Amino acid sequence: MDELPVSIEVNGSITRAFIEARVTLADFLRERCSLTGTHLACEHGVCGACTVLVDGNAVRSCLMFAVQAVGSSVTTIEGLTPDDGSLSPVQQAFWANHGLQCGFCTPGFVVSVTAFLRDNPAPDDDQIREALSGNLCRCTGYQGILKAVHAAAELTQKARA
Amino acid sequence: MKPARFEYHSPTTVDEAVALLATFGDDAKVLAGGQSLVPMLALRLTRFAHLIDLNRIPTLQFITQSGEWLSIGAMTRQAAAEHDALVASTAPLIAKAIPHIGHFQIRNRGTMGGSIAHADPASELPAVALALDAEVELLGPDGARRVHAGEFFLSMWETAATAEEIVVAVHFPVAIARSGFGFAEMALRLGDFAITGAACALTLGASGAVERAAIALMGMDATPIRGSDAEMALLGATPDTIDFGEIAAIAVEATNPTDDVHASARYRATVGAVMVERALRSAIEEATRG
Numbered sequence: 009m010d011e012l013p014v015s016i017e018v019n020g021s022i023t024r025a026f027i028e029a030r031v032t033l034a035d036f037l038r039e040r041c042s043l044t045g046t047h048l049a050c051e052h053g054v055c056g057a058c059t060v061l062v063d064g065n066a067v068r069s070c071l072m073f074a075v076q077a078v079g080s081s082v083t084t085i086e087g088l089t090p091d092d093g094s095l096s097p098v099q100q101a102f103w104a105n106h107g108l109q110c111g112f113c114t115p116g117f118v119v120s121v122t123a124f125l126r127d128n129p130a131p132d133d134d135q136i137r138e139a140l141s142g143n144l145c146r147c148t149g150y151q152g153i154l155k156a157v158h159a160a161a162e163l164t165q166k167a168r169a
Numbered sequence: 010m011k012p013a014r015f016e017y018h019s020p021t022t023v024d025e026a027v028a029l030l031a032t033f034g035d036d037a038k039v040l041a042g043g044q045s046l047v048p049m050l051a052l053r054l055t056r057f058a059h060l061i062d063l064n065r066i067p068t069l070q071f072i073t074q075s076g077e078w079l080s081i082g083a084m085t086r087q088a089a090a091e092h093d094a095l096v097a098s099t100a101p102l103i104a105k106a107i108p109h110i111g112h113f114q115i116r117n118r119g120t121m122g123g124s125i126a127h128a129d130p131a132s133e134l135p136a137v138a139l140a141l142d143a144e145v146e147l148l149g150p151d152g153a154r155r156v157h158a159g160e161f162f163l164s165m166w167e168t169a170a171t172a173e174e175i176v177v178a179v180h181f182p183v184a185i186a187r188s189g190f191g192f193a194e195m196a197l198r199l200g201d202f203a204i205t206g207a208a209c210a211l212t213l214g215a216s217g218a219v220e221r222a223a224i225a226l227m228g229m230d231a232t233p234i235r236g237s238d239a240e241m242a243l244l245g246a247t248p249d250t251i252d253f254g255e256i257a258a259i260a261v262e263a264t265n266p267t268d269d270v271h272a273s274a275r276y277r278a279t280v281g282a283v284m285v286e287r288a289l290r291s292a293i294e295e296a297t298r299g
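Just so you know, the protein sequences line up as chains V and F, in that order.
First residue of the first sequence? That's 9 in this note's numbering, and the numbers climb one at a time after it.
First residue of the second sequence? That's 10 in this note's numbering, and the numbers climb one at a time after it.
Hints were generated in silico from the structure; no laboratory data involved.
All values derive from a computational prediction rather than experimental measurement.
Ideal Cβ placement from N, Cα and C applies to all residues, glycine included.
It is possible that some hints are incorrect.
[Said to hold, decoys possible] Using 16 Å as the maximum straight-line C-alpha spacing, the simulated EDC-like pairs for lysine to aspartate or glutamate come out as follows: (1) Lys11(F) x Asp63(V); (2) Lys11(F) x Glu28(V); (3) Lys155(V) x Asp132(V).
[Claimed, not checked] Have a look at the derived ranges for each label pair, beta carbon to beta carbon: (4) Asp36(F) x Asp92(V): 48 to 56 Å; (5) Ala169(F) x Glu11(V): 54 to 62 Å; (6) Cys147(V) x Ala58(F): 41 to 49 Å; (7) Leu95(V) x Ala13(F): 39 to 47 Å; (8) Asp63(V) x Ala94(F): 52 to 60 Å; (9) Leu199(F) x Leu95(V): 23 to 31 Å; (10) Asp36(F) x Ser15(V): 45 to 53 Å; (11) Thr32(F) x Leu12(V): 18 to 26 Å; (12) Cys147(V) x Ala231(F): 37 to 45 Å.
With the rest of the complex left out, here is chain F:
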């Protein structure tokens, strides 16, 4: 028993959860899978007077497709999404990235929405959401709203969600024809926090030239970050003319990696470029195949 004392709430509906959060505000924290929050509580890095547990709200666990959007409920376990056929066919980047999250025991509890809400700049799902132009659905006392991933991640562990809003779902655009996806990350040990990594999504036009390119880097800044200049440089290029090394160099140029005990900023920039190159190559390969 290591966390500081808290009062435990386990609402069974989202409305009840939102009402609880509105009542307690900053004194409360929402508990999803607990795979990041509970360690932080156990280490007393943080403490809250109230925990609002979303695990008993069944309506937050779903994976559905509606037209051009794949919607995943916030409390959907990462393991459920990892092995889901609809996810694999409509948003393959998610399926490629999830095996890199922790270990299978962690993914059995960890949730899709929890990882997004936690907004760790080195974690996988925020980078995937950013690369796919996903939208995060928030619910608060004033109702629901959808925030584009590019506007959701504000800083380390900080998002556009207000203290009274809960992440209820994440919506991902369904992959279209001639698209390819790649994911690569570097961690000291399998399942450890990534030192750096990249998620790439590409779509080729009918002529075979790159029509849409998205490169999201993780562990390279205070939030996951898009390599916009590198994306621009890719547009119109045909797969056989792409200088992957140059594109990767442009992508990391705009980032601000930091020094810490695990790696220097220079190391992150060097390895980050290699991750971009790997993710990009596999995305191009997949897009070319179909």
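Extracted from the complex, chain V is given alone in its bound form:
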């Protein structure tokens, strides 16, 4: 089957490749862009580990084909991290509040929470629980993550003030 030429903007730089149409955006990021921070677990849209931003919107990268991202701007977990190697406010809050244990689900959570807090800067508990429902974590029991999102909201607001 033919491979298609694509050129996709990821974290501000363009990656060009020849790929089959059935290659998911998640696989493209990991295998063609060497951006392995985007994790794959279920690969059918349930777990949320592969969440990335496409034109600013949090989406499952396992449920999009890479060819569909041509012309869009993709941001992965690597792109949310400051260039100096420090942590983003959301990452900082996860680290400080026991928002992760094994860390496998963490990139998906951080991307989802970053988009959620951008649209809801001061969420209450119920809103946070609803927003987190699309990401699965098998270690933490979620309480640390909930605390982390509250803390991240405060950090983000302070950074803006």
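Dock chain F against chain V, hints included.
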């Protein structure tokens, strides 16, 4: 990379999409938001030689009002409709139901037309379309036609659209005065497929009695299904005289829920009645307010 190989087409106009579908027929599948189709491809529950992607057709993304109809383009993202002021004011039932679809990341990709075309009997938008007497606009080689929601959903994942037709828009009657809407569903976890649920639309007459009633149940049959007998029983009743438990019992009586790993038919009937009661109560409350 889990789906079987396919040839990818990304038309930029609807005419081009219809021509592609006419060429490939049953060997092709239309790709909308992909939030149901791509998992099915990844699990190899299905495979197609051709995928026709509608994501690059900008004219399929719109929300407009024209007189008594609210029209939503098939490729309008569920998230866009969820947060749209015109949808909230003219078809509040849509705004109430969308937050129950998957998670916000799913709604960012999932589309209004895709959900209707997929016709999952447990999903929200088909039930909403049925409760509101919406019309599904189809476009094929022979032109466009509008099909009433009641005649569109034929069976699980099966609709009145032919293999050569694409869902291009869904038209919803605009809510009139003294109307109220309610939506309730039961899922094992937030965002999971609903076990059962109900969408209700009511209009009260000037005297305060129920003038129009629509109850659509989800997850209770091979398609979303109207509780017609329960609707008839509601007509002419005033809000303070309605026996909600009885109406809900009548509504589920006509359905055929099935047993599966998630719930027994009996459980679905019991909980389905509770969902009807909840949706009905909030619809009545809203209608009474104005």
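If you draw a straight line from the CA of Lys11(F) to the CA of Glu28(V), is it 16 Å or shorter?
Holds - the C-alpha atoms of Glu28(V) and Lys11(F) are around 12 Å apart, at most 16 Å.
Restraint check for Lys11(F) with Asp63(V), where alpha carbons must lie at most 16 Å apart
violated (25 Å)
Quick check on a hinted range of 23 to 31 Å for Leu199(F) and Leu95(V), using CB atoms only.
holds (29 Å)
Does the hinted range 39 to 47 Å hold for Leu95(V) and Ala13(F) at CB?
For Leu95(V) and Ala13(F) the Cβ distance comes to about 41 Å; the hint holds.
When you check the alpha-carbon spacing of Lys155(V) and Asp132(V), does it fall within 16 Å?
holds (11 Å)
State, for the Cβ atoms of Asp36(F) and Ser15(V), whether the hinted interval 45 to 53 Å holds or is violated.
violated (29 Å)
Between Cys147(V) and Ala58(F), does the beta-carbon spacing fit 41 to 49 Å?
holds (42 Å)
For Cys147(V) and Ala231(F), compare the CB-CB distance with the range 37 to 45 Å and indicate the outcome.
holds (40 Å)
So does Asp36(F) sit 48 to 56 Å from Asp92(V), Cβ to Cβ?
holds (52 Å)
The hint says 18 to 26 Å between Thr32(F) and Leu12(V); measuring C-beta to C-beta, is that right?
holds (19 Å)
Please test the hint of 52 to 60 Å on the beta carbon pair from Asp63(V) and Ala94(F).
Taking Cβ atoms as reference, Asp63(V) and Ala94(F) lie about 22 Å apart, which means the hint is violated.
Verdict for Ala169(F), Glu11(V) (Cβ pair) under range 54 to 62 Å:
violated (38 Å)
The structure fails hints 1, 5, 8, 10 (numbered hints given earlier, in ascending order).
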